[in-house]
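Engineer: As a plain string of letters, each chain reads:
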Amino acid sequence: MARPIPAWLAPTSLEEALELRARYGEEAIVVAGGTFVGILINQGLLQPAALLALRRVRELAYLRVEDASAAGRPLLRIGAMTTHRALERSPLVQRGWPVLASTFALVASPRVRNQATVGGVLADADYASDPPALLHALGASVVARSPQGQRLIPVEELIVGHYETSLRPDELLTEIQVPGGLEGAVYRKFRSRSSEDRPCVAVAAVRREGRLRVAVGAVAERPQYFPEICALAAGQPTIEPELAREIGERYAAAIDPLSDARGSAHYRRRVIAVEVRRALEDLNRIIAARGGSQSHA
Amino acid sequence: MPEPGDNTHYAEPDPRVTGAIRYAQDVELPDMLYACVVRSPYAHARVLRVDTSALPADVVALTPDDVRSLGLYGCQIKDQQVLAVERALYIGDPVAAVAAATPRAAREAAELIEVDYEELPAVFDAVEAIQPGAPLLHEDLAISDNDAAYFGMRPEPQRNVCHHFRIRHGDVEQGFAEAEVIVEETYRTPSAQHVPMEPHACLAHWTPEGRLEVWTGTQTPFNLRMDLAGIFGLPQEHIRIIAPPMGGAFGAKTFVRYEAIVACLARKAGRPVKLVLRRDEEWLTLNRHPATIHVKLGAKRDGTLVAKQVTCWVNTGAYADCGPGVAQKMGFASPGPYRIPHVWVDSYCIYTNLPSNGAFRGYGATQAVWASERTMDLLAERLGLDPLELRLKNVLVDGDRYCTGEVMHDVHFADCLKAVAEQIGWQGGRRGKGLAVLLKGMQTPSRASIVVEANEDGSYTVHCATAEMGQGAWRAIRMLAAEQLGVPVERVHFPVPDTDIVPYDTRTTSSRSTYMMGRALVEAVRQLKENGELGYGECVNEGGLDPDTGQGIASTHWHQGAAAAEVRVDEETGKLEVVHLHTAIYAGRVVNPPAAQLQNEGSMIMGLGSALFEEIAFSEGQVTNANLSDYNIPAADDLPRLTYELIERPGAEIHGLGETALPPVPAAIGNALFSLGIHVRDLPLTPERVLEASERRRAAPV
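Respectively, the protein sequence lines represent chains C and S.
Here the first sequence is numbered in the working numbering, starting from 1 and rising by one per residue.
Here the second sequence is numbered in the working numbering, starting from 298 and rising by one per residue.
Worth flagging that the hints you see were computed from the coordinates, not collected in a lab.
Be careful, since some hints might not be right.
Stretches of chain S that chain C covers, calculated by requiring three or more beta carbons in the stretch to come under 8 Å of a beta carbon on chain C [as the list claims (entries may be wrong)]:
1) 924-930
2) 983-996
Non-contacting residues of chain S with respect to chain C, defined by C-beta distances greater than 12 Å in every case (computed) [to be verified]:
3) Arg-636
4) Gly-871
5) Leu-909
6) Thr-921
7) Leu-936
Note that CB positions come from ideal geometry on N, CA and C, so glycine has one too.
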């Protein structure tokens, strides 16, 4: 009869998971927390032959800090199966990368955050999720593993389109690496409807070693980053109000926003200009207060 | 003897918490099959052929040929068949159904049915649907013989109008001629979903004797029984409706929903058949009426209202359901609780190719209050008057006549308004603050009856058709019975209503049950005390309106309330923050204070959702947000400071309070925005709309 029940593959080790991934390739949909895949299957948008569930691969749930990486900065290593809630509540993260803790705390509701994983949200490449823009702005990378070995992919190269990543069919996303050495970082989530809704416009702004990096999320198929606009702030100890406004307006002009139930393209463009400027104003305040970071609802 | 309201903390565990409660969706019978509905993918199409040849042998299919000869139904207009036999009228209209051994097998079987359609032109907007040349949805509009057709229906043949309600009071032309100031505006409110936690669920079974038994989550067991009797050509007593408690309803579980389809499947299968809807199917089942409302209001320079003209275009979707009733209530709520010598109302209930719209907490009042109360603030601004003063100057008081001609009694609109104004700090400055008042009728005419029986063990049983949907009606009625019988509430039992046993009740709608049943109970208990065994009591409220003049008795019992809101606006993004929301509603006498308070809170929160973001999105008749990720309802973090008061009065009768606080909430928030110069006409108040309105203000010459 019609549709077979998908095979449920539940490896208990990474090695086994990699082997199954290589064997099934695109035949199997990888399930981490299941908060996204579950909805797609229920809505009939996905009809996979098999589901590769990583929940029992315990070795992929961890949070570690390397005090000095090759670049001389501390490095946060996040196992792909770490839940949003674990990240948000980790003292390690709260101390060293407070913007990560506070941003993950803004995702959906505690019920979802107890289930959703950091690896899952990146591999979904959903334009309306909170974490991708922030991880992009933080210069994070992911580790992609296959039986043949592993490679490091910067988040900006990982997410290539709507629900599309550069992961190969035999690769699993196993780790997220977030470098430290931040002078300041901020994430602003602008919601047009419920507090539990996804963002209408999301802005992440990070300053590290005098360089500004602004990524705007939820407005296009992938996070939007314009190095040439951010370069306007290079070498400036603080971003003057005029410059903050200019960067906001330039981002609004550079982005071709999409329309959805959370706002029209026209409206989003307006909000991008405002929220980028506000993110930079927040960043100024944070840097002036000697480091630290924050997220805004 | 316990005092009313004292009996709230009790020893028995709450079955909703222990899990002991059996909701409609929990009912099971041996050998039952599970149903799945096959729905039209077209908004308007001729159904040419339904092919079931690919189905496995053990699947039972229901096709148009099975139901063609069955009776038409519809609680007010008979415009519906069990399946879309000739034409499907909306995306989601059932054209076939299957029953199989498991829900999954049923879903898969449904996909194997092939249907050929011939697509026809469709219309989705109510105003467009009554223009010449619009596609006609129904050829004949027979008036229903169901009890729910309780007023004169005025369908307009060969036009998509299934009811035209009018109020003709005074001479409106003369009124406007006398007016020194006239304001005029057009408003729109969108469709919304009830989102009950438990979806629609029903189970049907035919006994060997040929009786139909239906277990269903319904607020209207007797209306349902009447329509099923008409469909199957059976005497009503051959049909038994059992109405288990529901996990929420809010109006969605009224009249015939899927019971007829499931009963047909069960008859064909010779086995019980059960259906529980998927969440997304709720958006295809029943929603709130979108409305376009034009208001013209005239007053003297001192604020005395002299004339009001209102036109409501009420979009009832593909089938009338109780849309005529909603249009009528919207029509007679739209003048508002004011003395206005000249009133002219036209309210049209209009067919379109959207899913059917029906009863929804507020029942037309939310739309009417939005238009009416926003216009009061337009007038106040034009006259340079305080919006509270303008209302108090015109508000109905005891002994006044409403525009329907009836004399108003036990009237507390001014009390409600003053209470909310005080709590929102009106006197301390009106910027960012707004208020709105509501008048809402209760089902009139209607009848409630109840039996109280003494049991051998000294306990009592109440036989009552009132539906429990989380509002606490069973508990309230038990408390009232316990109070009158002089026993603890634990000694009063309230079995699941069964139409074979319980006496007649109109239905559990319009916040009428505690009031009506409470009155019926007095006589029942008196009789029981007399004979020691059994007592029967009845409460009848007589009345009704002439649909052509709107004169008569609209309601024997008015729901009265007011809301006030304080807001802040992010002027750069249009994002609106409600800082404080307060409602005051007239409650007469509260039976169960914690339950009444929670119900009022729920009403306010539902009003907040309607105000800020609830809106069903359609694309050419297709619902595009039929899930709870794309359709937002309020979450805990969305709640502002939420305060309220239930106004009681010594010796007063019980007042229904299930819906009172919802309708004025969007209007109060809209008026709070207007106090900042931001005039938004359409709900919901999205940041995008607010920003646009805020820019219109800036662009306007000062």
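Engineer: Each hint: holds or not?
Structural biologist: Now for the hints, and whether the structure bears them out:
1. 924-930: holds (count 5)
2. 983-996: holds (count 4)
3. Arg-636: Arg-636/S clear of chain C: closest Cβ-Cβ about 40 Å, beyond 12 Å.
4. Gly-871: 8 Å, violated
5. Leu-909: Its Cβ does come within 12 Å of chain C, the nearest being 7 Å, so this is violated.
6. Thr-921: 8 Å, violated
7. Leu-936: 9 Å, violated
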